[in-house]
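2 protein chains.
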Amino acid sequence: MELLSLCYIFKGLSASQFQRLSEITKEKPIQKGEFLMHEGQKAEALFIIKEGEVELLTSVNDSFELPIAILRNPGDCTGISSLVVPYKYSLSARCVKAAQILTIKQTALEKLMKEDHELGCIIMKNLAQYLLGRLKETRQELKIHFKTIFQSIHP
Amino acid sequence: MELLSLCYIFKGLSASQFQRLSEITKEKPIQKGEFLMHEGQKAEALFIIKEGEVELLTSVNDSFELPIAILRNPGDCTGISSLVVPYKYSLSARCVKAAQILTIKQTALEKLMKEDHELGCIIMKNLAQYLLGRLKETRQELKIHFKTIFQSIHP
Chain A
0 MELLSLCYIF KGLSASQFQR LSEITKEKPI QKGEFLMHEG QKAEALFIIK
50 EGEVELLTSV NDSFELPIAI LRNPGDCTGI SSLVVPYKYS LSARCVKAAQ
100 ILTIKQTALE KLMKEDHELG CIIMKNLAQY LLGRLKETRQ ELKIHFKTIF
150 QSIHP
Chain B
0 MELLSLCYIF KGLSASQFQR LSEITKEKPI QKGEFLMHEG QKAEALFIIK
50 EGEVELLTSV NDSFELPIAI LRNPGDCTGI SSLVVPYKYS LSARCVKAAQ
100 ILTIKQTALE KLMKEDHELG CIIMKNLAQY LLGRLKETRQ ELKIHFKTIF
150 QSIHP
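One line per chain: the protein sequences are A and B, in this order. Going by numbering that gives the first Met the number 0, 116 is the number at position 117 of the first sequence; the sequence numbering is gapless. Going by numbering that gives the first Met the number 0, 77 is the number at position 78 of the second sequence; the sequence numbering is gapless.
Keep in mind that the hints are not guaranteed to be accurate.
[Claimed, not checked] No more than 30 Å apart at the CA atoms, straight line, and that leaves these computed lysine-lysine pairs for DSS-like: (1) LYS135/A to LYS41/A; (2) LYS113/A to LYS10/B; (3) LYS142/A to LYS135/B; (4) LYS96/A to LYS146/B; (5) LYS31/A to LYS146/B; (6) LYS25/B to LYS49/B; (7) LYS49/B to LYS27/B; (8) LYS110/A to LYS113/B; (9) LYS27/B to LYS135/A; (10) LYS31/B to LYS87/B; (11) LYS135/B to LYS25/A; (12) LYS135/B to LYS27/A; (13) LYS25/B to LYS113/B; (14) LYS96/A to LYS113/A; (15) LYS41/B to LYS142/A; (16) LYS96/A to LYS135/B; (17) LYS113/A to LYS87/A; (18) LYS31/B to LYS142/A; (19) LYS96/A to LYS27/A; (20) LYS10/A to LYS10/B; (21) LYS104/B to LYS135/A; (22) LYS87/B to LYS142/A; (23) LYS142/A to LYS25/B.
Source of the hints: derived by calculation from the structure; they are not laboratory data.
In isolation and in its complexed conformation, chain A is listed as follows (with noise of 0.2 Å):
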């Protein structure tokens, strides 16, 4: 499936392991307002978007829910604390125009790279150069709450 090869976690893994990683991916459809997974409960698979809008949020408290996210573009990704030991997700995910995803299991992942190291090597690689660039720019948020803090008390 040519589409995993636009996933920013699978790149660099040569034409045999996409064509195994092929045979553990499956595709369905998913309809508008229907949720890929919600935060908190077990990362239990890696989600794939063929077409369609999926919405990342997180509840900041019961009554609201702050977005994180659109996902549209074919090739991103979410679910990615499947591929993570304590594999529980931290965001929730909900359809905004139906969609095609391709779905991998968590477990058969984790036994695809068992069987082959260089494979997961690669995409624990690439998956750790996002989670770094994404952890800078969250910290650079925060730099710019506690910049606007310290204006205010030193105007």
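Given chain A's structure and the hints, the job is docking chain B onto it.
Just chain B now, with coordinates in the frame of chain A:
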């Protein structure tokens, strides 16, 4: 070196993998006030605390340094940007109490991971797990800010 096994990055390596790792590890003394790394600079090494204390910090603007953490437990490490493209430190680290530091060069570790994909996979998995945890924590801090703002608008 037993100390390496205390570092979360190397959790799960075999005795022979630790042996190879120790062969590329160097130890050096660091004086109080000395910097191990500077935010924004090329990440050329990973640092592991043996003794002493190291403060991690980020500059919010030219005149204000925001402390992030203090490393003082044997096995605490910093400089993980040396494990991930684009190899650029995202924090500064200053010694606040005379220290003994283990140093592992990025190029040497990269070579070791290429020679032993299993070792690479374990290290990258540990790193991804750590980064996802830190990302969740940092998002949580941001949420608290949003909550405060939300409550000030809707008291």
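Quiz prompt | Given pair status - LYS27/A, LYS96/A, alpha carbons within 30 Å | solution = It holds: about 14 Å lies between the C-alpha atoms, which stays within 30 Å.
Self-check item: Proposed proximity, LYS135/A with LYS27/B (alpha carbon, max 30 Å)
Solution: Roughly 29 Å separates the two Cα atoms, so the pair holds.
Exercise. Decide if the proposed pair is consistent with the structure: LYS10/A and LYS10/B, CA atoms, cutoff 30 Å inclusive.
Key: Since the Cα atoms of LYS10/A and LYS10/B sit roughly 26 Å apart, the hinted pair holds (cutoff 30 Å).
Quiz prompt | Satisfaction of hint between LYS27/B and LYS49/B, Cα-Cα up to 30 Å | solution = holds (10 Å)
Exercise. Below or equal to 30 Å on CA atoms is what counts here, so check LYS25/B against LYS49/B.
Key: holds (11 Å)
Quiz item: Are the Cα atoms of LYS96/A and LYS146/B separated by 30 Å or less?
Solution: holds (28 Å)
Quiz item: Can the restraint linking LYS87/B and LYS142/A be considered satisfied, given a maximum Cα separation of 30 Å?
Solution: holds (18 Å)
Practice problem: Please work out if LYS25/B and LYS113/B have their alpha carbons no farther apart than 30 Å. | Solution: Holds, at roughly 20 Å.
Exercise. Quickly compare the C-alpha distance for LYS142/A and LYS135/B to 30 Å and report which way the hint goes.
Key: holds (16 Å)
Quiz item: Within 30 Å, alpha carbon to alpha carbon, are LYS41/B and LYS142/A?
Solution: OK: LYS41/B and LYS142/A at ~22 Å, within 30 Å.
Practice problem: Below or equal to 30 Å on CA atoms is what counts here, so check LYS31/B against LYS87/B. | Solution: holds (24 Å)
Quiz item: Does LYS25/B lie within 30 Å of LYS142/A when you go C-alpha to C-alpha?
Solution: violated (34 Å)
The structure shown violates the earlier hints numbered 14 and 23.
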